[in-house]
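Asker: Here's the letter readout for the chains.
There are 4 protein chains.
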Amino acid sequence: MPKRHWGEIKDPIYGYIYITEPEKEIIDCFPVQRLRRLRQLAGAEFVYPAANHTRFEHSLGVLYLAGRLVENSNLSEYIDKDEAQMVKLAALLHDVGHGPFSHIFEHLLSKFMNKTHEDMTFWIVRESEIADKLEKYGYNPDEVARLAVGRLHKGGKAFLDQIIRSSVDVDKLDFIVRDTYHTGAEYGYVDIFRLIHTLDVLEENLAVDVGALSALESFIIARIESFRSIYFHRVSRAAQMMIALAMEKAKDELGLISFKTPEEYLAFNDCTVWAMLKQCEKSRQIMENLERRKLLKCAFEQTFYEKDRTISRIFEFEEIRNQIKNEIAQKAKVAPEKIIIDVPTLPSVPYRHSVLMEPMEIPVFYKTKEGKKIPKKLSEISRIFDILKGFMNIIRVYTEAPYREKVGEAAAEILGGTPYSARISF
Amino acid sequence: MPKRHWGEIKDPIYGYIYITEPEKEIIDCFPVQRLRRLRQLAGAEFVYPAANHTRFEHSLGVLYLAGRLVENSNLSEYIDKDEAQMVKLAALLHDVGHGPFSHIFEHLLSKFMNKTHEDMTFWIVRESEIADKLEKYGYNPDEVARLAVGRLHKGGKAFLDQIIRSSVDVDKLDFIVRDTYHTGAEYGYVDIFRLIHTLDVLEENLAVDVGALSALESFIIARIESFRSIYFHRVSRAAQMMIALAMEKAKDELGLISFKTPEEYLAFNDCTVWAMLKQCEKSRQIMENLERRKLLKCAFEQTFYEKDRTISRIFEFEEIRNQIKNEIAQKAKVAPEKIIIDVPTLPSVPYRHSVLMEPMEIPVFYKTKEGKKIPKKLSEISRIFDILKGFMNIIRVYTEAPYREKVGEAAAEILGGTPYSARISF
Amino acid sequence: MPKRHWGEIKDPIYGYIYITEPEKEIIDCFPVQRLRRLRQLAGAEFVYPAANHTRFEHSLGVLYLAGRLVENSNLSEYIDKDEAQMVKLAALLHDVGHGPFSHIFEHLLSKFMNKTHEDMTFWIVRESEIADKLEKYGYNPDEVARLAVGRLHKGGKAFLDQIIRSSVDVDKLDFIVRDTYHTGAEYGYVDIFRLIHTLDVLEENLAVDVGALSALESFIIARIESFRSIYFHRVSRAAQMMIALAMEKAKDELGLISFKTPEEYLAFNDCTVWAMLKQCEKSRQIMENLERRKLLKCAFEQTFYEKDRTISRIFEFEEIRNQIKNEIAQKAKVAPEKIIIDVPTLPSVPYRHSVLMEPMEIPVFYKTKEGKKIPKKLSEISRIFDILKGFMNIIRVYTEAPYREKVGEAAAEILGGTPYSARISF
Amino acid sequence: MPKRHWGEIKDPIYGYIYITEPEKEIIDCFPVQRLRRLRQLAGAEFVYPAANHTRFEHSLGVLYLAGRLVENSNLSEYIDKDEAQMVKLAALLHDVGHGPFSHIFEHLLSKFMNKTHEDMTFWIVRESEIADKLEKYGYNPDEVARLAVGRLHKGGKAFLDQIIRSSVDVDKLDFIVRDTYHTGAEYGYVDIFRLIHTLDVLEENLAVDVGALSALESFIIARIESFRSIYFHRVSRAAQMMIALAMEKAKDELGLISFKTPEEYLAFNDCTVWAMLKQCEKSRQIMENLERRKLLKCAFEQTFYEKDRTISRIFEFEEIRNQIKNEIAQKAKVAPEKIIIDVPTLPSVPYRHSVLMEPMEIPVFYKTKEGKKIPKKLSEISRIFDILKGFMNIIRVYTEAPYREKVGEAAAEILGGTPYSARISF
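Protein chains in written order, with this note's numbering: chain S, 1 to 426; chain G, 1 to 426; chain R, 1 to 426; chain L, 1 to 426.
Treat the hints loosely; a few may be bogus.
All copies of an identical chain are treated as equivalent in the list; a pair is satisfied when it fits inside any one copy or across any two copies.
In silico DMTMM-like cross-links for lysine to aspartate or glutamate, where the CA-CA straight-line distance does not exceed 20 angstroms [what the hints assert, rightly or not]:
{"#": "1", "residue 1": "Lys136", "residue 2": "Glu77"}
{"#": "2", "residue 1": "Lys369", "residue 2": "Glu405"}
{"#": "3", "residue 1": "Lys154", "residue 2": "Asp119"}
{"#": "4", "residue 1": "Lys133", "residue 2": "Asp82"}
{"#": "5", "residue 1": "Lys278", "residue 2": "Glu77"}
{"#": "6", "residue 1": "Lys81", "residue 2": "Asp119"}
{"#": "7", "residue 1": "Lys81", "residue 2": "Glu71"}
{"#": "8", "residue 1": "Lys3", "residue 2": "Glu77"}
{"#": "9", "residue 1": "Lys260", "residue 2": "Glu129"}
{"#": "10", "residue 1": "Lys3", "residue 2": "Glu71"}
Hints are computed from structural coordinates only; laboratory data are not their basis. Please read these numbers as outputs of a predicted model, since none were measured by experiment.
Make the full structure from the sequences, and use the hints.
Answerer: The following block contains the structure:
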């Protein structure tokens, strides 16, 4: 059943995004409209003042790219109109499960409820008004929900999931460009349409034609530089950890993790939770500091470039991190609770983006004259990709301004290197 | 006393904005940091999803342009280093008095307190921690406060006020470009640096060299198209009026206009007030509609292009507007309170931007070989400017979705023209 | 017969331009490849150093926009696949008849052969290898040739011609953006895709939905400012007139207007003719001056804004212009051949762009709920358009540097106003 | 002696470039104006149609960046006003020695005259009218000439040369952005102003603050991707080799390398030499093929990523390349002169850009709180940089279209890998 055109939405990045009727109805559902009140990059605005874009416009961008991708001359041979519309709807919905401040709230979800934002997306798509709208247009909410988190697992069509969730999915392609646009960080101006136009199916997987290798490498590098300059930025992390701390302290009093229904969960957004945290005795001081830009200070920072993950794994153990914290505290004569060890690349501490950075092998191929696709190993044809696997671990020690010097020196003694306070660059 | 360089801030529009120490300290004051929680274009996000930029980044942009302007080869001959720093600080502070949702709150300020946001800016600069910081660096808070609202009135130096507040001030130059950047509306890509580089002093006024006439005309046109497409957009206005209504209904219960101290006033921002309006019985329904994008519908729209203001003046009388409302209500058999007459260009109804559109004569000159500046009348040398004076009055009739057709037809009978529901374009 | 996709070409403005096989074969024909050696804006590089773009990339851009336009949801109902391909080919070919330095050579064509570049386009499409390629793919060269110059006159389908040649044709839409991109002049960042997406058929004419009125007005203004700042720029015109003079002097010796076959005509391009003019005794000095940027100087300039064309018509008579020239010469005591009267907006003197500026009425409509299109008069709904009809006549007097002052003063006495040398702005 | 401001030039990339009087006079000299007729990227237009920018606008861009760099808060402490002006002039002049088609002509200079374009720059600056202008403003032409090629060797001020010629010089910073802008290749949108603002002096060398490491890495990657996608692009190289061949064949008849005076040398530009090559019997056929886009075809391509240069060195010997050519010819039963072995990264074959890619160590440092600069090894702190040293050798075998398959197969047998004709990607 072909879906009727409804109208268009103006996006500063892609221009006009054309919208079908089912898309319009789902965009107007509360769980999607709520994304207007979830920032894309909570915390980054303390480094990049203009980084105020939201998951709403990002979701529209992902919908758009999904549409362009399924229409390309390769994928359109594997996907019929109805599947194409379903992929676009799943793309639109991929972030509806995010909580306030996105990955920061996910830290609570993970630590106290053993859930991810994908679990919540799956839940919301199936249990909210979205499900009714999907059914109205002939879609199975359960299938769309699974596809929205990249777990449809349709036989012989792994690429459907990979459009939404893989190393070169439309989510990442949108945010690399969008985050650059709104921060001004300039690391993400990548020829994503080269990828959008040339992505193809190899066996059943989404794969990159070697003809687009430069675009792929640029994209990978852009992601790394964006992690370093935006997502893992020292100051941005400080703000994020403060929000994480505030939420953790106030969670019981505010019932942040005792929601039962989608309605209760969806009532939380950046705005409502910020207001709640300001009123709660336990978190108020942190929020006031944030509102005055009195941020935690980085007292020590070290970056490791390691191919194997041994070093990362050491820091994965909260006990080891706590032990380091205690030793620094003792040496610096500062209370341990004034010290925070941050390893943003790790799948543990406060909260992490590392899943976004996972060094997956991306299927690559070239086509023969006869149209046969010959698979290649990306790490064999791309020196850049090879070296970047396992790239970069950052360990940082944060504290409050008055303890910065003492903590920095203690950390430097214990962990080696130079205290941050001795360095002013960057 | 030359001010020490502190560092730089990345802006997606201008690149690096260099910041001095006094600027840094004032940026970190609470009233300036609070601007992070005031959107630049409240309501416009319902038309342009990416329009989530705030008055914080705008204020940094205005600081930047002020710095570029006072350094140009013309103005730098009239302004010494200390004045230049003072102009930049005033530029940074020009918006600190805005309330939640900016011009929408200003409607309350105006209607119930007979104040403008400039009055609040003046108050905040003098009565908050900003004053202490200004004094620390040798500036008179009262003078900076007056300059921030364009009323320093320094003898023989009217251009100082005009840098902050005139037809081609740095405020307007920043937002024309910034609003275009974040909406994607494409009407504001104007060669503002041509103006920044060539603005000069004529007698004591800020004046435009005829060499920059094309840039000036483009700027004027861009403003008009931006008003039509962004600020006065039918849907954007609907959202703004709903917020205005919600605030008006809830104002007493929430104490929105009973603040006594800067602290009380500054506690209001888009986020806190949105949360309050959702909890207040009187405004809750409106906010829930907004959160679900159930907006007021435009039932009738007419645009007049009139050189004299006679027609505008008719609508300035609330009694006349009410009378029209009642007649439409009667003919449509709809309760009058379901009908809203909106004339966004007028200095009265719900709230208005019209002060921003005032058709002021801009001083223009050309320079002789000998360097003499010969004044010209802009309306004589620019046909475009001439025609645009007094440009455009829009009258619209809004109502709720179920009454749209009836109200549209009644309005068309009474006011002439075609009901909006009969037209689907735009 | 659907045309096979061949590949894509990267354009800095539109990104990837997708090309079919017939398009590829025609792009590779010599008359199209030759467009690489015809600058888009001969002379403008003396004002905007980066304005080195050619008619080749412009023609690809026009092909692209034509493709987007015929695919829009309105036009696609009136045009079948074969017609769509034909329109795209005609768009690609619309400029193949241009001679060296484009409009400058057209001055020779017009003055001595009574031809326009459109006549040459018609000739080249039919008489060159392009005709064979068109036939190979089933197109009638004569029809394509007529369409390429906007004179197919297909019964009931006037809009086909108007896509190529009208007030909002794809040619103008491309160059407004492209000339801005390469000059940096910033007047042409217009939302052309709003127009591309909403253009429709009214009766049989290409028409603009009032919903796109802001985009249309911006486009019209952008054209005017571009004329003033780029095409008619004082310095740009000086360079253009020098090339025109050089060609006129050398034309017989170099056989510039004695070509008999397409091959002979197509052998002329900016590069070959520039080299020839440098070797010809009669034009050498002018070319050496150009190569050293010793340009004619503007001694006097006056701009008239007149609604009726009376004043323009006065200057249309070469005898009147000559008389003025002689009087200035006599008063200034300078030989008449040292003086050039330039009225770039006129359909006569040296050569002109004015056909590009013609104030045509553009069909405009709005759609009713039922889908009916109600025609409107543009000049009634757009104040901006109304005022701009008949806009702007510029008269300038040029001479060589040593006579600038004398000629300027004489011209000022005779024509009124201020000599240019007394003004340094702009 | 401070230099007077003359005016500004509009650049599409940087906006307004402010020009002093001495700069203006030197820009108007013939050797600089001639750069308008030397394309920046000869050959690349066959891949990127819009790549028509010239060395003229590039030179203005380099002047601009040099000005911004010497004014930054670090370098301005080491450079006085007069030196700053001299650096800007040298930057402006750094390319005046280029011959037609730039690096392609340099192949002739190198092979038959044992010269580089820098030698010619040095010669032109000293022996042309430029020298007079420099002296008029108090500069020593010999010093400026040496600085223009990065060989002033001023005691204790190595950074002066490095501004013009080093791994992060203003030449490379300009072209990375400019080539991206005009090709649309999207690999070069790099935060060059981060580098421009933070470059500093370490001992006497130009050095990068680790705070700008991301910008530096992005720049390095952008250069590599630009080499692969633009400068070394298969099709671009084909066109370049054809021009190189044409010039080599016609050089004696046209006297391309028998010039004696600057005037004779400067008479050559892209336009004049193209016209000459079309008339010369020996080169005409090649030029006609170029004008019809009948380019050499790549029959075989292999890329090696090698850290040491052993493999590169093998191909450096013309004898070895000839031997390979002969063996391929014999096996393919094709005349050897129909085969070209291209190794664009090598300092030998046809002509090369490799000097531009040289893997130099860039000085890097961080600053302590006390302002001390602590040197670091870039390869230690940047994994990306480390891996990229010695990056990428490409070997290609070209031939004419009819022999493509045979030559490709023969090359694959001899050199291993797959013939190009069997692969259609890219």
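Asker: Could you run down the list of hints and mark each one as holding or not?
Answerer: Verification of the hints:
Taking CA atoms no more than 20 angstroms apart as the test, Lys136 paired with Glu77 passes in neither setting, with 27 angstroms inside one copy and 29 angstroms between copies. In this assembly of identical chains, Lys369 and Glu405 lie within 20 angstroms of each other by CA distance solely across copies; the values are 11 angstroms between and 64 angstroms within a copy. In this homomeric assembly, Lys154 and Asp119 come within 20 angstroms of each other (Cα to Cα) only inside a single copy, at 19 angstroms, whereas the closest approach across copies is 60 angstroms. Taking CA atoms no more than 20 angstroms apart as the test, Lys133 paired with Asp82 passes inside one copy only; the shortest distance there is 15 angstroms, against 39 angstroms between copies.
Proximity of Lys278 to Glu77 under the C-alpha cut-off of 20 angstroms is found in neither arrangement, the shortest distances being 53 angstroms within a copy and 47 angstroms between copies. Taking the shortest alpha-carbon separations for Lys81 and Asp119, neither the intra-copy value of 28 angstroms nor the inter-copy value of 46 angstroms comes in at or below 20 angstroms. In this homomeric assembly, Lys81 and Glu71 come within 20 angstroms of each other (Cα to Cα) both inside a single copy, at 9 angstroms, and across copies, at 18 angstroms. For the identical chains of this complex, Lys3 and Glu77 are neighbours both inside a copy (19 angstroms) and across copies (17 angstroms), given an alpha-carbon limit of 20 angstroms.
Taking identical chains as interchangeable, the C-alpha atoms of Lys260 and Glu129 lie at most 20 angstroms apart only when both belong to the same chain, with a minimum of 16 angstroms there against 44 angstroms between chains. Both within a single protomer and between protomers do Lys3 and Glu71 lie at most 20 angstroms apart by alpha-carbon distance, with minima of 15 angstroms and 18 angstroms respectively.
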